[in-house]
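Enquirer: Each protein sequence line maps, in turn, to chains A and B. Heads up: the first sequence begins at 1 in the numbering used here, then just goes up one per residue. Heads up: the second sequence begins at 214 in the numbering used here, then just goes up one per residue.
To be clear, the hints were calculated from the coordinates, so they are not data collected in a lab. Worth double-checking, as some hints may not be accurate.
As the list claims (entries may be wrong) - Listed below are several chain B residues computed to face chain A (Cβ distance under 10 Å; list not exhaustive):
#1 Glu262
#2 Thr266
#3 Pro267
#4 Pro283
#5 Ala323
Glycine included, each C-beta is placed from N, C-alpha and C at the ideal position.
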Amino acid sequence: MGLLTGLKASITRATDRLFSEQDPKRIGIYGPPNAGKTTLANRIARDWTGDAVGPESHIPHETRRARRKEDVEIERNGKSVTIDVVDTPGVTTKVDYEEFLDFDMEEDDAVRRSREATEGVAEAMHWLREDVDGVIYVLDSTEDPFTQVNTMLIGIIESRDLPVLIFGNKIDLEESNIQRVSSAFPQHETVPLSALEGENMDEVYDKIAEYFG
Amino acid sequence: MPEATAPTDDGSGVQIDLISGERMDGLASMEKIRIILDGVHDGNIVILEEGLTPDEESRLIEVTMSEIDPDGFNGIEIETYPQNDARDKSLLGRLMGQEDTAKLTVIGPANQIETLHKDETLISALVSRK
Ligand SMILES: Nc1nc2c(ncn2[C@@H]2O[C@H](COP(=O)(O)OP(=O)(O)OP(=O)(O)O)[C@@H](O)[C@H]2O)c(=O)[nH]1
Ligand SMILES: [Mg+2]
């Protein structure tokens, strides 16, 4: 990026933010497939609006379209913050439809799921470049956080100067290792939680209000 | 752009393209992505001396996704060394357009790379023939 375009981009971003101050911030929930993004989005939406965002599944790439839940009003310490929650398809650099055949899926369905998944990931990348004001990056804390996709995505988020929180999900599982998650991204705050069991949601909402309010 | 004459491919080997920073320097983002993905589509391992900017990486993922085809190409494996370290990027440096992209990057076709491992000082790839 040249000096002028670089400056222009950051000024545009700064003024965009100034003028959109009243609009709810759009918070993208990103992370690898199966981390629990939709489970989290559903819990947030159910806790504050009463209804859900989309289906959850143990089969990767369940979410293949970014879905937005608007005007989620979260109350913290007598104040309230309003955000739009965007649940995105899990990001990856490869999709092999044969992987879905292991989940008792017919070949046709697996091919269709793979096509939709690749479109969904492309769309999620697009949202990240254009349409989100902050990011919740969800990781499955039972898995190795030091992956190239995580490193690239965090790098992309940082290069856009978006506020970001790392959520170490699935702490209800014995193999969960939150220490490993926070040491992977020491420059960011890591919040442990179980989106499925609803563990540590108070801290989750405190941090959301603090970072995105 | 002058093309290097690639060794003839009789299907028995794996081609590795090591692309210098100099060669990538004058190119637009989409041209870089094209060079990488064209190489990977041909079954080659592409090594970039200087890597991509975060924005280019995001476009690489997006374009890769749009080219995945259940009958053939199923995406890429990618590793970089050293890891992106945003902490070292000063705001001024970024405003001046000095994106820190000096990171060795290895990219290959997902269906041919059986394992791609990295530790602090080494990227190791086990590649199968086509
Ligand atoms: N044990 C445990 N399981 C969880 C938790 N959160 C999500 N899961 C499970 O993990 C699986 C994936 O959850 P999803 O919410 O669909 O994951 P996702 O990140 O939206 O996945 P994609 O849409 O495919 O990218 C499901 O089987 C969930 O029930 C958690 O906190 N604990
Ligand atoms: Mg989902």
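Enquirer: Each of the hints needs a verdict: does it hold here or not?
Expert: A quick look at each hint next to the structure:
no.: 1; hint: Glu262; in the structure: violated (18 Å)
no.: 2; hint: Thr266; in the structure: holds (7 Å)
no.: 3; hint: Pro267; in the structure: holds (4 Å)
no.: 4; hint: Pro283; in the structure: holds (5 Å)
no.: 5; hint: Ala323; in the structure: holds (4 Å)
The structure does not agree with numbered hint 1 stated previously, though it agrees with all others.
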